[in-house]
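S.K.: Residue numbers (our numbering), protein chains in the order written: chain C, 735 to 1114; chain R, 69 to 271; chain P, 12 to 262.
Calculated directly from the structure, the hints in this document are not laboratory data. Given the structure is predicted, the values throughout are model-derived calculations rather than measurements. Just to be clear, a hint being listed does not mean it is correct.
If you only want the chain P side, here are some residues facing chain R, beta carbon under 8 Å, derived [claimed, not checked]:
(1) LEU13
(2) ARG14
(3) PHE56
(4) TYR88
(5) GLY123
(6) ALA125
(7) LYS128
(8) GLY135
(9) GLY176
(10) ILE183
(11) LYS227
(12) SER230
Cβ coordinates follow ideal geometry from the N, Cα and C atoms, glycine included.
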Amino acid sequence: MIKKISWCKNCLNMSTRPRITFDGKGYCNACQWMEEKENMDWSSRGDELTSLLDKFKSTNGNFDCIVPVSGGKDGSYVAHQLKHKHGMNPLAITVKPALSLEIGDQNLTNFIQSGYNHIHISCNPLILDRLNKYGFIEKGFPYYGWMLAIMTAVIKTAANFKIPLIFYGEDGEVEYGGSTENKNNALYDVEYMKRVYLEGGHEKIFDRIRGDGDVSEADLAFFKFPTEDEISEVGLSFTHYSYFEAWDSYRNYIVAKDHCGLIEKDEGSHDTFTNFSQNDQALYALHAYLMYLKFGFGRATQDAGIEIRRGAMTRDQAINLVKMYDNSYPEELIETYLAYYQMTKNEFDAVLDKYANKDLFEKNDGVWQPKFDVAQEFSY
Amino acid sequence: MKVAIVDYGMGNIRSIVSALKYIDIQDIVVSANEQELKGADKIILPGVGSFAAAMKLIKNKNLDSILNEIVMHQKKPVLGICLGMQLLGSSSSEGDFNKGLGFVDGSVDIFNSDKIIIPHVGYNQVSIEKPLRLYRNMRDVLDFYFVHSYKMTSNSSIGQNLCQYDEDFIASFELENIAGTQFHPELSQMNGLNVMKNFVELF
Amino acid sequence: MLRQRIIFTLIYDSGFFSQSRNFRLQKVGDITWLEDNYKFQDIAFSLDELVVLNATRGNKNILKFTRMLNQLVGDVYIPIAAGGGIKSLNDAKLLFDNGADKVVINSALYKGQALVKEIVGHYGKQSVVASVDYKNNDVYINNGTEKIDMSLQEYIDYVESIGVGEIYLNSIEKDGTGFGYDIDTIKQVTGQVNTPLIIAGGAGNEHHLMKGANIKNVSAVATANLFNFMGDSLPNAREYMINNDCNLVKW
């Protein structure tokens, strides 16, 4: 049976993307959402935000909401809006990633220095690193442990501080071309996090680490989701700020730059043309590269989509950039990754090989190369 | 084929050299020296800046009589570019009144209209009236790069083609061995390079 | 009829060409990268002029910049304006001798009239482009870091009183953002100014360029967006604008 891959007619999202859909025009759901955002009446959502905040705003000077931040533009924007526009008392939380980058650390410091209360959580690195490694091998998610902890450790802290309202930045599924089930829901739940964000795999990873025999339940404290009872006891509510106002990540960058001390790299990256996002951890490049091998699109495609949807560049312009940057084996970081995972290059490459989509890629001189051309319909 | 570019201290010589090389002229001399200029087959007179300052420099180096000998007596082909073209004429009212080299009858004045912004900068069309040598094998209406505040007009017939910037003015002229372009052929993409090629081949 | 121009601006920083966003620079590639991705000989037909600006912070090393300029302009037959850090007639001469047809002056204009008048006296008014960087109604010099005590309107009057060939008006707020030109301010300035005006800041795609070209009395539209206009993007943008009746040369 002949199968085909295609690209969104507006941006360059690919049909291979999990949970993506296309309309009659050939526009992906991210681009449809972009159109909806332009035509929507946001005032009703603004009212919803006001009601939600009124419900939770502290009357005695306590923290009333939690904003997970990395020091990057999105979390900083949300924290800034909640504090300065809406008069809330946010507590910012960062879960330390493995292999944090200097510029990421600097940005986090700058954010905090610009005037925020902040908790910096380090999950036991011995456990985090192992979860990351198993996530890399079992699911092709190089920082799986951290992906888990930015939910679980934050929620645990929220529960302990009795701060019931947690504002994540954007729902990446809605904004970038994934599941649209929560497009019109202000709040979401742990079930959604497990099923969609973690793609239902975290028990498998836990089983593997438990199988090692030297890890107790106590070691996993920061990585466990709360029970339903624990959630309702505190009345935990999880929401995305992107529900309440039209999300615009370039706008976030400007606000973070002007008010929270955000700085950019003075060079670009090997895998994209932007220098002002995803600067906090070295494993992101590997995450993006695995995404490329699994689905055929990388970090540059993501960034290009954002630029196209905000009207900064056309699809044709973006194609040049995607061709230049997407196919980017993280050469400079390989030694770092091997040391981190304590793997040999052969073992490491074997994991990449496992996730490379053989319908779309073939190996040439030891490196996976695309069989397709960007934006050219491809059948296999 | 040896082409000499007159180096009297004013003029964008580098671009002209580059353009000549593009049209396969390798033997190029940039000089104010009488022997070297007389030894060339064709002369290019560049020019950027003030008419008065240029004439002063030219006279100081005795280039007015040298060029007079080469152009008017030896009848060697000369191409004046931009200010260089204006210098080939009789006079200019830029600054004070100044006499030019006087090889052709043409006078230079400032753009007079208040409907336009000066300098005249950018690409503008030259209407080719007759099939002339400078424009051999080229279309009738062509864009070239102009950048000037003063323009030349003439009461005589000197083989001129006009450009319009509220008023008509001389975009180029050719009279026997003497040619001039107000526009910069070395900055006008292929159109300009073709004009230079025509000068080198047909004059 | 005098045409409008499409100008591409290259931002140079310490040996690299950069993407600028609100005057923060991202190094992109050296001259080899530029030659690979911007074959100027090939795409020169989609451009009317080139501007090359030395935006290096600190010591601008004009010699190194000049060497690069020399290499860059080898096979380009359109006008080239170069500048950044010009502090003396000698600096200007260095650029003129190495490929520049015009020089671009920014901070030195504010610091005193003498230098510009010297350059104009030697090379002619049309050889000087005055670069004006602004945000809201304020003017900034020194790579956009130092606010001066003149409003935009006052500064433009001042620049015109000195007498320059063209004005390159650059919006710091729009720079590199892909938001499109600062149309409101540009319309105000075209109403005031008597010198050919080049607009810059914010143009990320052909629609922005066209919108800028459609403002009356704009002489040229410029973009410095290195990423957005790679490959065939400039030729495509030009074709798009010509097909939509923009007054551009059909090369």
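S.K.: Work down the list of hints and note, for each, if the structure agrees.
M.R.: Outcome of the hint check:
1. LEU13: 5 Å, holds
2. ARG14: 4 Å, holds
3. PHE56: Because about 7 Å separates PHE56 of chain P from the closest Cβ in chain R, which is inside the 8 Å limit, the hint holds.
4. TYR88: At about 6 Å, which falls below the 8 Å cut-off, the nearest Cβ of chain R leaves the hint on TYR88 of chain P intact, so it holds.
5. GLY123: For GLY123 of chain P, the interface hint is violated, since the closest Cβ of chain R sits about 21 Å away, which is over 8 Å.
6. ALA125: 17 Å, violated
7. LYS128: 12 Å, violated
8. GLY135: With a minimum Cβ separation of about 4 Å from chain R (threshold 8 Å), the hint on GLY135 of chain P holds.
9. GLY176: 5 Å, holds
10. ILE183: 25 Å, violated
11. LYS227: For LYS227 of chain P, the interface hint is violated, since the closest Cβ of chain R sits about 12 Å away, which is over 8 Å.
12. SER230: With a closest approach of 6 Å, the SER230 of chain P hint holds.
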